[in-house]
Amino acid sequence: MNKIMYLEFERCIGCKACQAACRECGGHDAKERNYVEYVDFMESRQTFPMLCMQCKDPACARVCPSNAIQITAEGVVLSAMEDKCIGCRNCTFGCPFGIPKFDFEENKMYKCDMCYDRTKHDISPMCASVCPSDAIRFIDFDEMQALRRRRTQMNLIEGKKPTEQDKWQYVPEFFGVYSD
Amino acid sequence: MNQFFAKEGVKNLHHEGEKLITTHCCYCGMQCGMHIRLNEKTGKVVGVEPRYDWPVTLGKMCPKGVTAYQTVDHEERITTPLIKKNGKFVAATWEEALDLIEKNYKQLQSKYGKDTLSVFGGVSMTNEKCYLVGKYARVALGTRYVDYNGRFCMSSAAGGFMKTLGTDRGSTFPWTELEHTDCFFLAGSNTAECHPTAIQWIWRAKDKGAKMIVVDPRETPTARIADVHLDLKSGTDSALANGMLHLLIREGYVDEEYVNERCNNFEDLKEKVTLFTPEYTSKLTGVSIEKLEKAAHIFGQAKKSVVMFARGVEQQSKGVDNVSLYTSMALLRGQIGKFASGVATFTGQGNGQGGREHGQKADALPGYRKIDNPEHVKYISSVWGIEPEEMPKAGVSAYEMFDEIENGNIRGMHVICSNPAVSAPNTEHIWAGFKKLDFMVVSDFFLSETAEFADVVLPAASWAEDEGTTTNTEGRVIRIRKVKDPVGESKTDWEIMKLIAERMGKGKYFPYENVPQIYEEFRLASKGGKADYYGITWDRIEKEDGVFWPCPSEDHPGTPTMFKEKFDTPNGKANLAVIDWRQPGEIPTVDYPLTLTTGRVVFHYLSGTQTRRIKFLMEQCPLPYAEMHPELASQYNLANGENIKLTTRRSSMELEVRLTKAIRNDHIFVPYHWGKELSVNQLTNPCLDPISRMPEYKVCAVKLQKA
Chain A
1 MNKIMYLEFE RCIGCKACQA ACRECGGHDA KERNYVEYVD FMESRQTFPM LCMQCKDPAC
61 ARVCPSNAIQ ITAEGVVLSA MEDKCIGCRN CTFGCPFGIP KFDFEENKMY KCDMCYDRTK
121 HDISPMCASV CPSDAIRFID FDEMQALRRR RTQMNLIEGK KPTEQDKWQY VPEFFGVYSD
Chain B
181 MNQFFAKEGV KNLHHEGEKL ITTHCCYCGM QCGMHIRLNE KTGKVVGVEP RYDWPVTLGK
241 MCPKGVTAYQ TVDHEERITT PLIKKNGKFV AATWEEALDL IEKNYKQLQS KYGKDTLSVF
301 GGVSMTNEKC YLVGKYARVA LGTRYVDYNG RFCMSSAAGG FMKTLGTDRG STFPWTELEH
361 TDCFFLAGSN TAECHPTAIQ WIWRAKDKGA KMIVVDPRET PTARIADVHL DLKSGTDSAL
421 ANGMLHLLIR EGYVDEEYVN ERCNNFEDLK EKVTLFTPEY TSKLTGVSIE KLEKAAHIFG
481 QAKKSVVMFA RGVEQQSKGV DNVSLYTSMA LLRGQIGKFA SGVATFTGQG NGQGGREHGQ
541 KADALPGYRK IDNPEHVKYI SSVWGIEPEE MPKAGVSAYE MFDEIENGNI RGMHVICSNP
601 AVSAPNTEHI WAGFKKLDFM VVSDFFLSET AEFADVVLPA ASWAEDEGTT TNTEGRVIRI
661 RKVKDPVGES KTDWEIMKLI AERMGKGKYF PYENVPQIYE EFRLASKGGK ADYYGITWDR
721 IEKEDGVFWP CPSEDHPGTP TMFKEKFDTP NGKANLAVID WRQPGEIPTV DYPLTLTTGR
781 VVFHYLSGTQ TRRIKFLMEQ CPLPYAEMHP ELASQYNLAN GENIKLTTRR SSMELEVRLT
841 KAIRNDHIFV PYHWGKELSV NQLTNPCLDP ISRMPEYKVC AVKLQKA
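Top to bottom, those sequences are chains A and B.
When you line the first sequence up against the numbering used here, it's residues 1 to 180, in that order.
When you line the second sequence up against the numbering used here, it's residues 181 to 887, in that order.
Check before you lean on any hint, since a few could be wrong.
Claimed, not checked - Here are some chain B residues the structure puts well away from chain A; computed CB gaps all over 12 Å: (1) T222; (2) Q287; (3) T356; (4) E584; (5) D635; (6) G715; (7) I721; (8) G765; (9) R793; (10) N823.
Said to hold, decoys possible - In silico SDA-like pairs for lysine to any residue, Cα to Cα no more than 20 Å straight-line: (11) B:K388 / A:E143; (12) B:K199 / B:N219; (13) A:K108 / A:C88; (14) A:K3 / B:Y232; (15) B:K283 / B:I263; (16) B:K883 / B:P810; (17) B:K286 / B:I263; (18) B:K191 / A:G26; (19) A:K3 / B:K191; (20) A:K120 / B:K191; (21) B:K294 / B:D618; (22) B:K294 / B:K573; (23) B:K386 / A:Q46; (24) A:K31 / B:E799; (25) B:K388 / A:Q145; (26) A:K108 / A:N90; (27) A:K120 / B:Y232; (28) B:K841 / A:Q46; (29) B:K856 / B:F614; (30) B:K388 / A:A146; (31) B:K707 / B:E555; (32) B:K856 / B:L803; (33) A:K3 / B:L238; (34) B:K191 / A:D122; (35) B:K550 / B:L704; (36) B:K199 / A:G27; (37) A:K120 / B:H194; (38) B:K294 / B:A574; (39) B:K841 / A:F48; (40) B:K224 / A:G27.
Calculated directly from the structure, the hints in this document are not laboratory data.
Glycine residues also receive a C-beta, built at the ideal position from the N, C-alpha and C atoms.
Construct all of the structure, not just a fragment, from the sequences and the given hints.
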């Protein structure tokens with residue numbers, strides 16, 4: 001996989017096309033694994049997409065007692081392996097982003113696997129493919145770096161203070177996150 | 181890889197045992213490119229793949245587009261003709277249904293004359309079918325009463341463009357140029373929710389530094405990202421546009437060379453807008469003077485700018501005025517006919533553009549010809565093989581057809597691909613009309629609210645079960661491909677019209693065996709008209725990623741940018757709009773103190789006949805609601821989630837309150853996608869625009885009570 005996921009929350013229009021498309025991804029059994037939330041509906045229409053951050057050191061995998069959550073060579077954190085998963089739901093409690101969900105009917109967890117069947121061939125994940133406003137993008141690493149630089153420049157021009165803080169320690173290089 | 185349009189470097193995931201069929205979404209005017217996944221073994225549609233190589237949308241889809249395929253093999257599809265017996269629908273054969281239609285049509289016509297029958301069309305159909313609706317009404321049934329649901333959607337834009345520019349094409353430029361523009365002026369368009377895939381072009385331009393001005397009483401997801409949000413009172417657009425024209429002139433932003441060479445009426449306009457000072461405009465519209473001035477500076481200083489609008493300004497009793505005035509803003513800046521600039525309207529329905537050009541309108545013939553022009557009638561009669569004297573006269577507009585039912589002039593109606601029981605204003609009047617009809621036929625692929633009134637329901641094929649062309653919001657003619665055969669016994673709309681024409685003894689005028697034959701006749705019928713499709717062949721559409729009309733011959737490249745040299749008016753100059761401001765049909769009073777406005781949510785399409793049957797979309801937005809400002813709610817002592825009763829001069833309904841600061845504190849917004857007691861169109865005002873005959877959905881006076 002040569003490309004990375006890049007999020008730009010300000011662009012999100014709340015259409016949930018990413019959620020609808022996630023259901024369409026092969027093997028997702030019509031269950032979405034990403035979410036769109038309002039920041040504060042009372043104040044504004046600002047929404048944001050909530051995707052699996054594909055953490056470098058994923059809490060979901062760390063708290064899994066049966067080692068069911070595998071991480072691919074590229075760093076993609078997969079859904080729990082069915083034969084290993086014991087249904088304890090530790091992953092759903094452990095994840096700070098609320099990404100892993102538990103299917104009580106099937107008795108198994110499911111989470112975003114970055115459409116691994118697509119991304120391993122460098123085909124964009126369904127959510128990034130359809131996102132009408134490019135709030136979710138699947139792009140080259142260099143492009144992501146350029147976008148981040150430009151964002152910082154634009155913030156300076158527009159008088160906004162860039163607040164990078166230390167989120168990059170938790171998010172791997174192939175996942176570019178930007179938020180105002 | 182897909183077998184059509186395959187381009188190097190564009191990868192699609194191809195699942196084993198499946199075929200990818202390249203087509204376009206069935207919903208709005210963006211007509212997003214997509215591949216439909218067809219299981220080769222079962223012959224069922226199983227999913228969708230983005231189409232990354234379609235230049236207008238680049239694989240982007242909204243949630244409706246992603247789930248659109250789910251309607252094709254949906255369990256609620258009508259699969260056999262249905263005949264109403266003792267108030268209940270009973271499955272019937274095509275022979276029985278057609279016998280009944282023939283008997284009733286003939287009886288009614290022999291008793292009351294040919295004009296007693298009427299046809300109500302739609303524009304979620306291909307060009308070929310829209311063209312046939314006009315021919316079917318006028319040749320097969322011989323009636324003057326034909327009109328279509330575009331009257332609720334597009335006709336004010338059409339009227340405004342005709343008046344100012346001489347030809348009505350929804351966009352004067354291709355939207356792939358939008359990323360190079362410097363300024364967007366979006367009026368009455370919630371682009372993010374109604375045409376989501378257009379947002380990517382706005383963002384591309386914004387990334388390069390473009391500015392954006394949005395005119396809307398609500399802070400929609402579109403207005404949220406604007407540099408200036410002009411939060412006007414609904415129905416005051418013509419005042420606002422006049423105010424902008426005043427400021428453009430006052431601040432010296434007029435492109436005088438362009439205006440002198442290419443526009444009429446500049447002196448008159450100058451005089452007219454002297455009244456509309458920022459102070460006066462602000463008083464009328466409720467927008468602050470600072471915002472008005474800032475917007476005028478941004479728009480006036482942009483080298484390349486686009487003025488775009490949608491139903492917010494069109495669905496008013498002065499929609500044509502609004503469109504003409506906003507278009508005049510682009511003319512004053514000398515922007516029409518140039519790269520990455522111009523005017524455009526967002527077409528709401530899939531074929532909102534093509535469907536209005538080919539003779540479904542009460543007063544129109546194919547190729548934007550007029551039914552009251554003897555030359556035009558002569559030409560179309562020769563294409564159809566009838567005598568010019570046989571051509572019926574002009575009828576009445578969509579809403580007015582229901583007045584004719586009430587008067588007893590119309591006694592039979594065939595509704596094709598439309599759901600006026602939900603989408604028309606003042607719906608109780610529409611429901612009463614349907615009940616009064618002696619005989620009613622509906623062709624649709626779901627049992628819509630309108631179909632429930634019918635005596636005979638004919639099962640129509642869905643968008644994926646037929647082929648043809650549509651014209652997207654830019655004016656680009658594109659191909660819709662057949663994915664699979666129609667379910668059950670359903671037939672395509674053109675086959676249905678042909679069968680009924682045969683029963684009416686007019687079969688020789690409908691000799692088609694397939695869609696290409698209709699397309700050939702349709703090309704010929706449009707030849708020489710303003711909307712000339714003659715040079716557009718299916719091969720060219722495939723090779724060139726769609727062709728823009730007008731395209732008069734096969735060696736003509738098509739016309740992506742309109743009006744480069746001259747406008748389509750008699751002297752080749754555009755007509756600047758010199759128009760006073762008028763109040764909307766209803767303004768708030770002591771009895772009805774608030775303003776009600778309606779619109780779409782991103783999860784539903786039009787009357788919801790299709791999207792309300794999709795599980796994902798219903799989960800996101802199952803019911804209509806009343807959106808209002810917390811300040812307004814506190815006046816009525818209302819909390820979020822409480823129920824209220826909204827009452828207008830026509831009817832009342834109950835809704836749940838949703839509070840947000842993203843709306844003016846004197847307005848209430850309700851989405852319109854639901855039927856029966858959930859239909860907000862029970863409340864809306866049928867006050868019509870004098871030119872376009874379009875009703876005033878976007879503003880009416882309303883009162884609020886706690887339920």
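Verification of the supplied hints:
For T222 of chain B, the non-interface assignment is confirmed: its Cβ lies about 17 Å from the closest Cβ of chain A, beyond the 12 Å cut-off. At roughly 49 Å from the closest C-beta of chain A, the C-beta of Q287 of chain B stays outside 12 Å, upholding its exclusion from the interface. The claim that T356 of chain B is not at the interface with chain A holds, since no C-beta of that chain comes within 12 Å of its own (minimum 15 Å). Here E584 of chain B stays apart from chain A, with its beta-carbon at least about 40 Å from theirs, past the 12 Å limit.
Remark: the non-interface label on D635 of chain B is consistent with the geometry, its nearest Cβ contact in chain A lying 38 Å away (cut-off 12 Å). Every beta carbon of chain A lies more than 12 Å from that of G715 of chain B, the smallest distance being close to 32 Å; the non-interface claim holds. The beta carbon of I721 of chain B is kept farther than 12 Å from every beta carbon of chain A, the shortest such distance being approximately 24 Å. Listed as outside the interface, G765 of chain B is consistent with that label: its C-beta sits roughly 29 Å from the nearest C-beta of chain A, beyond the 12 Å cut-off.
For R793 of chain B, the non-interface assignment is confirmed: its Cβ lies about 15 Å from the closest Cβ of chain A, beyond the 12 Å cut-off. The beta carbon of N823 of chain B is kept farther than 12 Å from every beta carbon of chain A, the shortest such distance being approximately 18 Å. For the hint linking K388 of chain B to E143 of chain A, the alpha-carbon distance of about 15 Å falls within 20 Å, and the restraint holds. With a C-alpha separation of about 7 Å, the suggested pairing of K199 of chain B with N219 of chain B holds against the 20 Å cut-off.
Between K108 of chain A and C88 of chain A, the direct Cα distance comes to roughly 9 Å. Compliance with the 20 Å bound is thereby established for this hinted pair. For the proposed pair K3 of chain A and Y232 of chain B, the alpha carbon gap of about 16 Å is at most 20 Å, so the pair holds. The hinted pair formed by K283 of chain B and I263 of chain B meets the criterion: a straight-line CA distance of about 14 Å does not exceed 20 Å. For the given pair, K883 of chain B sits about 17 Å from P810 of chain B by alpha-carbon distance, which is consistent with the 20 Å threshold.
With a C-alpha separation of about 18 Å, the suggested pair K286 of chain B and I263 of chain B falls inside the 20 Å cut-off, and the hint holds. A hinted pair counts as satisfied when its Cα atoms are at most 20 Å apart, and K191 of chain B with G26 of chain A qualifies at roughly 16 Å. Taken as a hint, the K3 of chain A and K191 of chain B pair is honoured in the structure, with Cα atoms around 14 Å apart against an allowance of 20 Å. Restraint check for K120 of chain A and K191 of chain B: satisfied, since their Cα atoms lie roughly 12 Å apart, inside the 20 Å limit.
Proximity of K294 of chain B to D618 of chain B is assessed by CA-CA distance (about 14 Å); at most 20 Å being required, the pair is judged to hold. With a C-alpha separation of about 12 Å, the suggested pair K294 of chain B and K573 of chain B falls inside the 20 Å cut-off, and the hint holds. Of the pairs offered as hints, the one joining K386 of chain B and Q46 of chain A holds, with about 18 Å between alpha carbons and a cut-off of 20 Å not exceeded. A hinted pair counts as satisfied when its Cα atoms are at most 20 Å apart, and K31 of chain A with E799 of chain B qualifies at roughly 12 Å.
This hinted pair checks out: K388 of chain B and Q145 of chain A have alpha carbons roughly 17 Å apart, not beyond 20 Å. Between K108 of chain A and N90 of chain A the CA atoms are separated by roughly 12 Å; this keeps the pair inside 20 Å, and the hint holds. Between K120 of chain A and Y232 of chain B, the direct Cα distance comes to roughly 18 Å. Compliance with the 20 Å bound is thereby established for this hinted pair. A C-alpha spacing of about 12 Å is found between K841 of chain B and Q46 of chain A, which places the hinted pair at or below 20 Å, so the restraint holds.
A distance of roughly 14 Å separates the Cα atoms of K856 of chain B and F614 of chain B; the hinted pair therefore holds under the 20 Å criterion. Restraint check: the Cα-Cα separation between K388 of chain B and A146 of chain A comes to about 13 Å, which is no more than 20 Å; the hinted pair holds. A distance of roughly 13 Å separates the Cα atoms of K707 of chain B and E555 of chain B; the hinted pair therefore holds under the 20 Å criterion. Straight-line distance between C-alpha atoms of K856 of chain B and L803 of chain B comes to about 12 Å, which keeps the hinted pair within the 20 Å bound.
Among the hinted pairs, K3 of chain A with L238 of chain B is consistent with the structure: their alpha-carbon atoms are about 18 Å apart, no more than 20 Å. About 9 Å separates the Cα atoms of K191 of chain B and D122 of chain A, which keeps this hinted pair within 20 Å; it holds. As the CA atoms of K550 of chain B and L704 of chain B are separated by approximately 16 Å, the hinted pair is consistent with the 20 Å bound. This hinted pair checks out: K199 of chain B and G27 of chain A have alpha carbons roughly 18 Å apart, not beyond 20 Å.
Taken as a hint, the K120 of chain A and H194 of chain B pair is honoured in the structure, with Cα atoms around 14 Å apart against an allowance of 20 Å. Restraint check for K294 of chain B and A574 of chain B: satisfied, since their Cα atoms lie roughly 14 Å apart, inside the 20 Å limit. Note on K841 of chain B and F48 of chain A: the hinted pairing holds, with a Cα-Cα distance of about 18 Å set against a maximum of 20 Å. A C-alpha spacing of about 18 Å is found between K224 of chain B and G27 of chain A, which places the hinted pair at or below 20 Å, so the restraint holds.
Checked against the numbered hints given earlier, the structure satisfies every one of them.
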